[in-house]
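Trainee: Okay, here's what each chain looks like letter by letter:
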Amino acid sequence: MKNRLRVLRAERNWSQADLAQRLEVSRQSVNAIETGKFDPSLPLAFKLARLFETTIEDLFIDEG
Amino acid sequence: MLCKATNPAQRRFFARFTVAMLAYVLFLLPVVWGFVHFRPTGVLAYVLAVLPALPIVAMLVVIGLYLAEEKDEFVRNLQIQALLGGIGGILAVVSVWGLLEDFAHAPRLDLFMAYPLFWVFVGISTAVVRMRYR
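Going line by line, the protein sequences match chains A and B. To convert, note that position 11 of the first sequence is 11 in this note's numbering; the numbers rise steadily by one, no gaps. To convert, note that position 56 of the second sequence is 1056 in this note's numbering; the numbers rise steadily by one, no gaps.
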């Protein structure tokens, strides 16, 4: 699923490793989500939204 | 499957797996020695023969515990895919080989080879899965 993670992360000057540490996941997980190869679960999506102070709808682009 | 531990669940997995492997060796060596020198029969033979299999069963439990404890859902997803590849691979091999043995008189494949072969397929599957997410 396409998303705005890379943009939001860049705005905060966070590396993938920084974001991974904040999410308590591996850097590979952040990379997989960011590149749209892996869709996070709802709890992780909410965690991401809270971290970026936004909504899930704003983070992920629904192409359905 | 895993190559190195990067979180507490993986460290616990490696520790438990190492203990189970050591138990396997510790059980297997005296059992082989016992069968070679004393040729036990009956119930004793059954009990001794099963002993080295218990750590193998424990290894499977250790894998299950790891999957239950791994908090990184992406990593857990990779491991599950790799394990499914291993299960699928070994099921395919024993199914095909079983029929080859029955109908084409292929050489007998010992059942205990299923476990090491399972890990061979897990290894292949891990490489394929990792390439997909690279």
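Source of the hints: derived by calculation from the structure; they are not laboratory data. All C-beta atoms, glycine included, are put in the ideal place defined by N, C-alpha and C. You may find that some hints are simply not true.
Using C-beta positions, here's what the derived DEER-type ranges look like [to be verified]: (1) R4/A with A1106/B: 25 to 35 Å; (2) R4/A with L1067/B: 46 to 56 Å; (3) D1110/B with N13/A: 31 to 41 Å; (4) Y1115/B with E24/A: 14 to 24 Å; (5) L1028/B with D62/A: 48 to 58 Å; (6) R6/A with L1022/B: 39 to 49 Å.
Here are the simulated PhoX-like pairs of lysine-lysine, each with C-alpha atoms no more than 20 Å apart in a straight line [as the list claims (entries may be wrong)]: (7) K37/A with K1071/B; (8) K1071/B with K1004/B; (9) K47/A with K1071/B.
Going by beta-carbon spacing under 7 Å, a handful of chain B positions derived as facing chain A [what the hints assert, rightly or not]: (10) F1074; (11) V1075; (12) Y1133.
Trainee: None of the hints should be skipped; say for each whether it holds.
Mentor: Here is what the structure says about each hint:
| no. | hint | verdict |
| --- | --- | --- |
| 1 | R4/A with A1106/B: 25 to 35 Å | violated (56 Å) |
| 2 | R4/A with L1067/B: 46 to 56 Å | violated (31 Å) |
| 3 | D1110/B with N13/A: 31 to 41 Å | violated (59 Å) |
| 4 | Y1115/B with E24/A: 14 to 24 Å | violated (34 Å) |
| 5 | L1028/B with D62/A: 48 to 58 Å | holds (55 Å) |
| 6 | R6/A with L1022/B: 39 to 49 Å | holds (45 Å) |
| 7 | K37/A with K1071/B | holds (19 Å) |
| 8 | K1071/B with K1004/B | holds (16 Å) |
| 9 | K47/A with K1071/B | holds (14 Å) |
| 10 | F1074 | holds (4 Å) |
| 11 | V1075 | holds (6 Å) |
| 12 | Y1133 | holds (5 Å) |
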